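Starting from the known structure of chain A, arrange chain B on it as the hints suggest.
Chains as they are written, first to last, in this note's numbering: chain A, 1 to 115; chain B, 1 to 111.
Check the hints yourself; a few may be wrong.
[Said to hold, decoys possible] Partial selection, computed: residues in chain A whose CB lies under 8 Å from chain B:
#1 56
#2 65
#3 74
#4 100
#5 107
#6 108
#7 109
[What the hints assert, rightly or not] Lysine-lysine pairs mimicking DSS-like chemistry, simulated, CA-CA at most 30 Å apart:
#8 A:57 x B:3
#9 B:67 x A:59
#10 B:67 x A:78
[Claimed, not checked] Far from chain A, by Cβ distances over 12 Å, these chain B residues were calculated:
#11 11
#12 15
#13 41
#14 53
#15 56
#16 62
#17 66
#18 71
#19 73
#20 75
#21 77
#22 100
#23 104
Source of the hints: derived by calculation from the structure; they are not laboratory data.
Just so it is clear, the structure is predicted and the values come from calculations on it, not from any experiment.
The beta-carbon is built from N, C-alpha and C at its ideal position, and this holds for glycine as well.
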Amino acid sequence: GPKVLQIPSHQIIDMGQMVTLNCDPVSNHLYFYWYKQILGQQMEFLVNFYNGKVMEKSKLFKDQFSVERPDGSYFTLKIQPTALEDSAVYFCASSSGTVSNERLFFGHGTKLSVL
Amino acid sequence: QQKVQQSPESLIVPEGGMASLNCTFSDRNSQYFWWYRQHSGEGPKALMSIFSNGDKKEGRFTAHLNKASLHVSLHIKDSQPSDSALYFCAVSGSGSWQLIFGSGTQLTVMP
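Extracted from the complex, chain A is given alone in its bound form (with noise of 0.2 Å):
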């Protein structure tokens, strides 16, 4: 089936540095996603991301993080300056439609460990 491919698996920083998650979605979809999950639990919702603009994000995606997608490359997710509570797994998914109708496919994840 349809893969999204999520580089590198794990990362390992330290506090205040710049961290870059790279996701390459399923080649036709539109709809981008971020999610975070912690210990294995529960998946927040980040922000979503469709025609090059942020389209809404959540309380989580603090002012330190960024997100973009120049010319059909990566969709990224940046963090600057990273912080201890931004450790967990990243999930990047995509979708060719929006949520009310299209499932969402997700990486495997990044683990981000902030030191």
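Okay, now just chain B, sitting in the frame of chain A:
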């Protein structure tokens, strides 16, 4: 702000048994409901959707929706060890770009 709660937190059923998972949501304008399953080390994968009140069956999986009581459930018949995973209910409303996930139910099917 939409709240999606799932129960039980964890569930153990014998192989071949029935697993019943529950989900309540707070926003009466919610319209679209999904069940996702996450195996360890992977991302969630969509199992099925339900948009209308009543039952929807897909193979061994049956979803039930009652919008008036703000409740959606998933029933897994003839459970298999491979069904052992974290199950999420996910909800979105009209005009929303967000898919809100519930707290999850950890299902273990014992051989």
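Which constraints among the numbered hints does this structure fail? Numbers only, ascending. 2, 3, 10, 13, 22 and 23
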